[in-house]
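Visitor: Take the sequences, apply the hints, and build the full model.
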Amino acid sequence: MSTENTRSTNTPADDRSLEDSVVGDGRGLWTLAFLAGLVAVVVGGAVARYLAVHVPEWTAEGSLAEIGAAVEYPVYAIAVGLALNGVLAAAGVRDRLAPGFRTEFFIKTGLVVLGATVVFSVIVRAAGPAILQGLLLISGVFGFTWWLAGRLGLDERLRALLASAVSICGVSAAIAAAGAVRARREQLAYTASLVIIFALPSIFVLPWLADLLGLSPAVTGAWLGGNIDTTAAVTAAGSIAGEEPLQIASIVKLTQNALIGIVAVGLTAWFAFKVDRTAGEKPRAIELWHRFPKFVLGFLAASVLATVFAEQASAARLEDFDATIKVFRDTFLTLAFVSIGLEFKVTSLREAGWKPVGVFAAATVFNILLALALASVLFAGFTLD
Amino acid sequence: MPDKPHTPADVDDAGRFALSEDWLATAVGLVIVVLAAAGVVTEGWIPL
Chain E
1 MSTENTRSTN
11 TPADDRSLED
21 SVVGDGRGLW
31 TLAFLAGLVA
41 VVVGGAVARY
51 LAVHVPEWTA
61 EGSLAEIGAA
71 VEYPVYAIAV
81 GLALNGVLAA
91 AGVRDRLAPG
101 FRTEFFIKTG
111 LVVLGATVVF
121 SVIVRAAGPA
131 ILQGLLLISG
141 VFGFTWWLAG
151 RLGLDERLRA
161 LLASAVSICG
171 VSAAIAAAGA
181 VRARREQLAY
191 TASLVIIFAL
201 PSIFVLPWLA
211 DLLGLSPAVT
221 GAWLGGNIDT
231 TAAVTAAGSI
241 AGEEPLQIAS
251 IVKLTQNALI
261 GIVAVGLTAW
271 FAFKVDRTAG
281 EKPRAIELWH
291 RFPKFVLGFL
301 AASVLATVFA
311 EQASAARLED
321 FDATIKVFRD
331 TFLTLAFVSI
341 GLEFKVTSLR
351 EAGWKPVGVF
361 AAATVFNILL
371 ALALASVLFA
381 GFTLD
Chain R
1001 MPDKPHTPAD
1011 VDDAGRFALS
1021 EDWLATAVGL
1031 VIVVLAAAGV
1041 VTEGWIPL
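Chains as they are written, first to last, in my numbering: chain E, 1 to 385; chain R, 1001 to 1048.
Worth flagging that the hints you see were computed from the coordinates, not collected in a lab. Because the structure is a prediction, the values reported are computed rather than measured. Glycine is no exception: its CB is placed at the ideal position from the N, C-alpha and C atoms. Watch out, some of these pointers could steer you wrong.
[As the list claims (entries may be wrong)] Taking beta-carbon pairs under 8 angstroms as the criterion, some of the chain E residues facing chain R (in silico):
no., residue
1, V93
2, E104
3, K108
4, T109
5, W146
6, W147
7, L148
8, R151
9, F295
10, L297
11, G298
12, L305
13, F309
14, D320
15, I325
16, F328
Guide: So, in C-alpha cells, the structure goes:
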C-alpha cells in the first residue's frame, strides 16, 4: 500500500495521540489522565444539560423562540464537546485526557436503559424488517466498499476495516474486523477517525433531510439506524428526529450490531484461507459469541423488564418509572455525545491521503441511498402502536 | 505499506476491552432499570 493510504509524515508521538484519542482500549484506565478526562466529559454533560433546559426559557420571549425550542439536547452536547475539544487542544492536554472520553461505554449504557422505553412487542414486530434490512444493507454496502477500495488499490486489511465500519456499526465493527484480519493499529485508528468525522455532520443533516422528504417516523428511524455508521451518532440523530424515530433507529442499529459476529467470522475465514493462507488458523464458531455485542442482550432484557413492570404497576408508579428511565437514558446519551465532540480530530483526514477518504465518502453516499430505499419499502406503514 | 499479517497486542487489547465494556454497560444499565422499577432511584437523582 502506498504511504498516502496511511499517514506518512506524523511522528510516533502523533501516532500514539491519534490512537489513544480515537480508539479506547483500556490502556491507562484509572490513571489520573483517565479520571481527568472523565471529569471533562461529566462537566461538559452538565453544561449541555443546563443549556438544553434553560435556552428555551431564555429565548421564549424573543425572535429566537422557535429555534430555542427546536434545538434538542444532542446538539448542545456535541457543541459543548467540540468547544471543550478546542479548549483542551489549545491547552495541549486533550490527547492526554483522551482515555476518559468513553463514548462506547456511555452509548451502550444509554442504549441498555433506552431498552426500557421500548415495549417488547415493538421489538418483536420490528425484528423481521430490521434483520432483512440489516442483511441487505450490510451485504450491499460491504460489497460496494470492498470493490471500490480494491479498484483504488487499497491494502486488503484497510479494505476490510473500511467496509466493516461503513456497513455495520462504525468503530465497534472496525475493532472486530481489526481483530479478525490482524490489521495494523494505525489502520484501526485511522478508520475510527473517518467514522467519527463522517458521522458528525450526518447527525444534523439526515434528520433534517428526513423531515424535508416527509418520511414517516418509522421510515426515518430505519433510515437513520441503517445508514449512520456509529451507534452513538444514530442515537443522536434519532433523538433529534423524535421519540418514535429514536426507538426504531435503535432497534435497527442494534440488529446491525448483532450481525457483526457473522462478518468477523467471515473475514477471519477469508484472510486465513485466501489472503494470508495460514491453514492452521481456522475460524471457530465460538467467535460468533465472542464478537457478539453483549449490550444488545441488555437492551432486550431491559425491554422485557419494563414491559412486565408496565403490566403490574399502577399508572402513577409507571409514570415515575418512565420519567426516571428517560432522565438516566438522556444523561448517558449526553455524556456519549459530549465524548463524540471531544474525539473529533480533523487532522486525521490530512494524515491519510485522499483514497481511503474517497472510498469512505462514496460508500457513505451509497449507504444513504440504499438505506433510504430499503427503509421506505420495509418500514412502510410500520407504527409503534 | 506491505500487506502482511500483524499480530499487534494492542489491537487484541482493543477488542478485549470493547467486549468487557459491553458487559459493564449491560450491568450498569440493567441495575438502573431494576432500581428505577423498585423506586430506589428516581428522576431527582440527576440534577438539572
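Visitor: Against each hint, give a clear statement of whether it holds in the structure.
Guide: So, going through the hints one by one against the coordinates:
1. V93: violated (22 angstroms)
2. E104: holds (6 angstroms)
3. K108: OK, holds: K108/E within 8 angstroms of chain R, min 3 angstroms.
4. T109: This hint holds: T109/E lies near chain R, its Cβ roughly 4 angstroms from the closest one there, short of 8 angstroms.
5. W146: violated (15 angstroms)
6. W147: The hint is violated - W147/E has no Cβ within 8 angstroms of chain R, the shortest such distance being about 17 angstroms.
7. L148: violated (18 angstroms)
8. R151: violated (16 angstroms)
9. F295: holds (5 angstroms)
10. L297: Holds - the Cβ of L297/E comes within 8 angstroms of chain R, reaching about 6 angstroms at its closest.
11. G298: holds (3 angstroms)
12. L305: holds (6 angstroms)
13. F309: holds (5 angstroms)
14. D320: Status holds, d = 7 angstroms.
15. I325: holds (6 angstroms)
16. F328: holds (5 angstroms)
Hint compliance for this structure: hints 1, 5, 6, 7 and 8 are not met, and every other hint is.
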